[in-house]
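A.B. asks: Make a model of the complete structure from these sequences and hints.
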Amino acid sequence: MTMRKGLSEEILNAYVDGGLTSDERGAVEAHLALHPETAARARAWAAQSEALHRAFDSVLDEPHTLRVQGRARVAAVPFFWRNVAALAATLVAGVAIGFVAHDYWTPSPGTTRASIARQALLAHAAYAPEIRHPVEVSGREEQHLVAWLSKRLDAPLKAPSLVQSGYQLLGGRLLPASSGAPAADQASPVALLMYENAQGKRLSLLVRREIPNTDTAFRFTQEGRTSVFYWVDGPFGYALVGDVAKDDLAVLARVVYQQLNP
Amino acid sequence: MGQGRSVPSGFTVEQLQAQIPRMRRYARALTGSREAADDLVQDALERAWTKRALWRPDSNLRAWLFAVMHNVFINGIKRARPMASLDALNEEGNVDPVAPSASAETGASLREMRDALGQLPVEQRQVVLLVGLEQFTYAEAAEVLEIPIGTVMSRLSRGRDRLRQLLDEGSGHSGLRRVK
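Those sequence lines, one after another, are chains A and B. All residue numbers for the first sequence refer to the working numbering, where the first residue is 1 and numbers rise by one. All residue numbers for the second sequence refer to the working numbering, where the first residue is 1 and numbers rise by one.
The set of hints was computed from the structure by calculation and includes no laboratory data. Idealized CB from N, CA, C, for every residue including glycine. Hints are not guaranteed to be accurate.
Listed below are several chain A residues computed to face chain B (Cβ distance under 7 Å; list not exhaustive) [to be verified]: (1) 10; (2) 11; (3) 13; (4) 42; (5) 48; (6) 49; (7) 51; (8) 55; (9) 56; (10) 60; (11) 68; (12) 243; (13) 257.
C.D. replies: Written out as structure tokens, the structure reads:
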């Protein structure tokens, strides 16, 4: 190794990273003794590596929930897309929140019915893009899920099967009562069931207590590419939401309705 | 996937699982966020498991896994920002020469380090972390990043000088920024 004017950066790096033989180290140190600026550079580089360990070694001991085969279902969605989707969802939720807030401040006849659609849009925007925690209780525990939600909504709930249409029950979660809900049911929480097809497309079915009504007509609304069909049936109001075309969602909504009224 | 044992697998789930802590440490330092890091590692684990037949049993499993993770990371950047990635990935241009005067030997706090890493160009950050934190050899780092070893060396020197400068600025050594 020759050291005429200065050390090559390769050698200085190797010195810092412990990649030199003891002879080489001696030669480098002799050089550094005569060149304080280079010596300071080498010390700074070495200090960085120590600082990196101080800053990040604690991650090694952190508990985590990552598993090799833990998430095969959503493996097709690359992580950056998920972040983009999450951002989009935040924007959509922002719009939806604006909507709900507007509704809340300027109540007018007729908007109460549609509030279930808005709540469904909001919930779908918030939870459908969730990768790790789209639901609180998995669809694999369907019995438990249905029993739990029925108890909290204080009426027997059913989780319709959309398997024939290609959607599996992913699970469900409980949401707080909506400010736009009918006054009589302010206190009653809201159930959200989520379904997913093989392409990872998700549907949300929001179920909440409604004032019983003989009108079970399907109604439709849309926010961007997200469609909602909603209706009242017995003690519950239902809203089926998804980023699917109106006609496709209509078919799915019919399936849901028929399952609930065999 | 799905073929189970008919796929010749060079490593076991347990071997893969054992690498998770170090993958998480690198990903955390690389992305600066626990959530983004864990998403990255999770994707890399799944991809590695799917592609496990491609791993050569005589090669370094950890370097191979980090290479898989690197590809997931880079694909994410490219897809999320097709234009910006050109800047982000085009290293050499935007690095200020470092005046080797101020001392960076004072211990940087976690926050100072994270802030400084965040300002380091991503391809320099990768090399500095692979070598300085994960203790890969230069040859292994070249394999992980799929770049020539000479490029590893130049990015390492530039990255270390830049990080030194950023840490100095962050801890108030630059004089100009000092307000306390």
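A.B. asks: Restraint: residue 42 (chain A) near chain B, CB-CB cut 7 Å. Satisfied or not?
C.D. replies: violated, 10 Å
A.B. asks: Quick check on residue 49 (chain A) please, does its C-beta sit within 7 Å of some C-beta on chain B?
C.D. replies: Given a least distance of 4 Å, the restraint on residue 49 (chain A) holds.
A.B. asks: At a threshold of 7 Å, is the proposed contact between residue 10 (chain A) and chain B supported by beta-carbon distances?
C.D. replies: holds, 5 Å
A.B. asks: Under the criterion of a CB-CB separation shorter than 7 Å, is residue 55 (chain A) in contact with chain B as hinted?
C.D. replies: holds, 4 Å
A.B. asks: Let's test the interface hint: is any C-beta of chain B closer than 7 Å to that of residue 243 (chain A)?
C.D. replies: Cβ of residue 243 (chain A) sits 19 Å from chain B, so the hint is violated.
A.B. asks: Answer holds if the nearest beta-carbon of chain B is closer than 7 Å to that of residue 51 (chain A); otherwise answer violated.
C.D. replies: holds, 4 Å
A.B. asks: Have a go at the residue 60 (chain A) hint: is there a Cβ in chain B nearer than 7 Å to its own Cβ?
C.D. replies: holds, 4 Å
A.B. asks: When the nearest CB of chain B is found for residue 13 (chain A), is that gap smaller than 7 Å?
C.D. replies: Because about 6 Å separates residue 13 (chain A) from the closest Cβ in chain B, which is inside the 7 Å limit, the hint holds.
A.B. asks: Tell me if the interface restraint on residue 56 (chain A) is satisfied: Cβ within less than 7 Å of some Cβ in chain B.
C.D. replies: holds, 5 Å
A.B. asks: Would the hint on residue 11 (chain A) stand, with a C-beta cut-off of 7 Å toward chain B?
C.D. replies: violated, 10 Å
A.B. asks: Closer than 7 Å between Cβ atoms is the bar; does residue 48 (chain A) clear it against chain B? Give me holds or violated.
C.D. replies: holds, 6 Å
A.B. asks: Return the status of the interface hint for residue 257 (chain A): holds when the least beta-carbon distance to chain B is below 7 Å, violated otherwise.
C.D. replies: Status violated, d = 35 Å.
In summary, the numbered hints that this structure violates are 2, 4, 12 and 13.
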